[in-house]
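Colleague: Those protein sequence lines, which keep their order, are chains A and B.
Residues 1 to 238 in the UniProt record's numbering are what the first sequence lists, from first letter to last.
Residues 1 to 238 in the UniProt record's numbering are what the second sequence lists, from first letter to last.
These are computed hints drawn from the structure, not numbers from a lab.
Possibly wrong hints are sitting among the right ones.
Since the list gives no way to pick out one identical chain from another, each pair is judged satisfied if it fits inside one copy or across any two copies.
In silico SDA-like links for lysine to any residue, alpha-carbon gap of 20 Å or less [stated by the list, open to error]:
(1) 97 / 198
(2) 97 / 56
(3) 122 / 82
(4) 47 / 99
(5) 162 / 136
(6) 7 / 167
(7) 122 / 209
(8) 122 / 232
(9) 122 / 164
Bear in mind that the values here come from a model prediction, so they are computed numbers and not experimental data.
There are 2 protein chains.
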Amino acid sequence: MSKPKFKTIAFDADDTLWVNETFFSDIESKFVAMIRPYAKGDTDTIKKRLFETEMRNLSLFGYGAKGFTLSLVETAIELSEGQIPATGIQQLLDYGKDLIQHPIHLLEGAEETIKSLSEHYKLMVITKGDLFHQEDKLARSGLADLFDYLEIVSEKDEATYKRVYARYDLDPAETLMVGNSLKSDVIPILDIGGHAVHIPFHTTWAHEKVSDSKQAKYQYATLKSLNELEQWLEEHGA
Amino acid sequence: MSKPKFKTIAFDADDTLWVNETFFSDIESKFVAMIRPYAKGDTDTIKKRLFETEMRNLSLFGYGAKGFTLSLVETAIELSEGQIPATGIQQLLDYGKDLIQHPIHLLEGAEETIKSLSEHYKLMVITKGDLFHQEDKLARSGLADLFDYLEIVSEKDEATYKRVYARYDLDPAETLMVGNSLKSDVIPILDIGGHAVHIPFHTTWAHEKVSDSKQAKYQYATLKSLNELEQWLEEHGA
Numbered sequence: 001m002s003k004p005k006f007k008t009i010a011f012d013a014d015d016t017l018w019v020n021e022t023f024f025s026d027i028e029s030k031f032v033a034m035i036r037p038y039a040k041g042d043t044d045t046i047k048k049r050l051f052e053t054e055m056r057n058l059s060l061f062g063y064g065a066k067g068f069t070l071s072l073v074e075t076a077i078e079l080s081e082g083q084i085p086a087t088g089i090q091q092l093l094d095y096g097k098d099l100i101q102h103p104i105h106l107l108e109g110a111e112e113t114i115k116s117l118s119e120h121y122k123l124m125v126i127t128k129g130d131l132f133h134q135e136d137k138l139a140r141s142g143l144a145d146l147f148d149y150l151e152i153v154s155e156k157d158e159a160t161y162k163r164v165y166a167r168y169d170l171d172p173a174e175t176l177m178v179g180n181s182l183k184s185d186v187i188p189i190l191d192i193g194g195h196a197v198h199i200p201f202h203t204t205w206a207h208e209k210v211s212d213s214k215q216a217k218y219q220y221a222t223l224k225s226l227n228e229l230e231q232w233l234e235e236h237g238a
Numbered sequence: 001m002s003k004p005k006f007k008t009i010a011f012d013a014d015d016t017l018w019v020n021e022t023f024f025s026d027i028e029s030k031f032v033a034m035i036r037p038y039a040k041g042d043t044d045t046i047k048k049r050l051f052e053t054e055m056r057n058l059s060l061f062g063y064g065a066k067g068f069t070l071s072l073v074e075t076a077i078e079l080s081e082g083q084i085p086a087t088g089i090q091q092l093l094d095y096g097k098d099l100i101q102h103p104i105h106l107l108e109g110a111e112e113t114i115k116s117l118s119e120h121y122k123l124m125v126i127t128k129g130d131l132f133h134q135e136d137k138l139a140r141s142g143l144a145d146l147f148d149y150l151e152i153v154s155e156k157d158e159a160t161y162k163r164v165y166a167r168y169d170l171d172p173a174e175t176l177m178v179g180n181s182l183k184s185d186v187i188p189i190l191d192i193g194g195h196a197v198h199i200p201f202h203t204t205w206a207h208e209k210v211s212d213s214k215q216a217k218y219q220y221a222t223l224k225s226l227n228e229l230e231q232w233l234e235e236h237g238a
């Protein structure tokens, strides 16, 4: 491998290293099916109301499965106008627990790429969500020992990245961020003068979507999967 | 001030810098009052069942207000055998939100002591609980700028303290930990060869209690309030 320009490679975790949004979407579909007999409105209306509850609660709960579960319960009570029975609420709590315990499905190329890169670079995970849950997922991924740093943060914006990079004395010019979210993994890094590679996941949570006009203002590489990352580094990292 | 032996002072946050357990206890009392018409058993039985639910869920939820709220809902459904109405569940969600937004009541001496110590030492907060919630509480405390480091961790045991001290290159011999919990703030620090001062809070969560026989094995200073910390440092820190 040629001498890398980058010394540290930072990875988002959910939907970058392993599947996440799919598990949330599955629970959302189960929620819709469960609530429909009690609620007015079609599937889209129910999903819209859930999303509105999540956004309203974001400033209290932050990201993650526990806040999502609390929002499921709240939306169920609202949409059913208080008619949802306690057994239905218990079902929602169980969905939340399933979500927290979901198996770790590593994405294509994750294991091989992280193993190989760990021999040449310092590796970091920067993820948002519930502290306890994210630590548990990394432990269950089998990849934890390959990472030098783990940062679980409450928001992924310019201020957060500046703070994290400063904490580890990382030069943005020598650090590459890799993630599936333009909003959380790519744009704030480019805004602080850093480097980022985008590896889209097939599903994007509405909250993470970025308008085409905003996207057009930024230049970044897009890869199909982590399998392409080493080749990209060969071409761009030297 | 004489030359300190300690370079860094680390503080627990909940019930060390500001009131916490009191807010949880208040919600617990409200929970008991709300659930009694639906449940068999007296106040102690209801509290015991809530605690059992919390402990059962700890490995899924970790510490903090969101997991506590989910456990309130689960216990209410169990104790009422599914008879609790959705309006009651909504009340519990509102209790949880109140808990997350509770005002920050700094403990006696916290503000003056932290301000004064920040001129002589590096200061750190090491706390467990919900990441987002703890960051928000520190921001609202007005003390955030006086601390050099903030560490929100999922568990406070020997492994965690070793990791945190290593991350900031802190020598346990030159670092003092200050907190209200023998189990989380004092004993693991002494076990890694560090220094700790105990400042008890008037209420201790059952999960944090330590047996007298275990306490007797450890030697540590106990202060009445943060007001006594500077004097103690004058006597022991040089």
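Colleague: Decide, hint by hint, whether the structure agrees.
Modeller: A quick look at each hint next to the structure:
1. When the C-alpha separation of residue 97 and residue 198 is checked against a cutoff of 20 Å, the pair qualifies neither within a copy, at 30 Å, nor between copies, at 36 Å.
2. Taking the closest pair of Cα atoms, residue 97 and residue 56 come within 20 Å of each other only across two copies (12 Å); inside a single copy the shortest separation is 22 Å, beyond that limit.
3. In this homomeric assembly, residue 122 and residue 82 never come within 20 Å of each other (Cα to Cα): the closest approach is 52 Å inside a single copy and 52 Å across copies.
4. In this assembly of identical chains, residue 47 and residue 99 lie within 20 Å of each other by CA distance solely inside one copy; the values are 18 Å within and 27 Å between copies.
5. Proximity of residue 162 and residue 136 under a CA criterion of 20 Å is satisfied inter-copy only: 19 Å between copies versus 26 Å inside one chain copy.
6. Taking the shortest alpha-carbon separations for residue 7 and residue 167, both the intra-copy value of 15 Å and the inter-copy value of 19 Å come in at or below 20 Å.
7. Taking the shortest Cα distances, residue 122 and residue 209 never come within 20 Å of each other, neither inside one copy (30 Å) nor across copies (40 Å).
8. Taking the closest pair of Cα atoms, residue 122 and residue 232 come within 20 Å of each other only inside a single copy of the chain (17 Å); across copies the shortest separation is 42 Å, beyond that limit.
9. Taking CA atoms no more than 20 Å apart as the test, residue 122 paired with residue 164 passes in both settings, with 14 Å inside one copy and 19 Å between copies.
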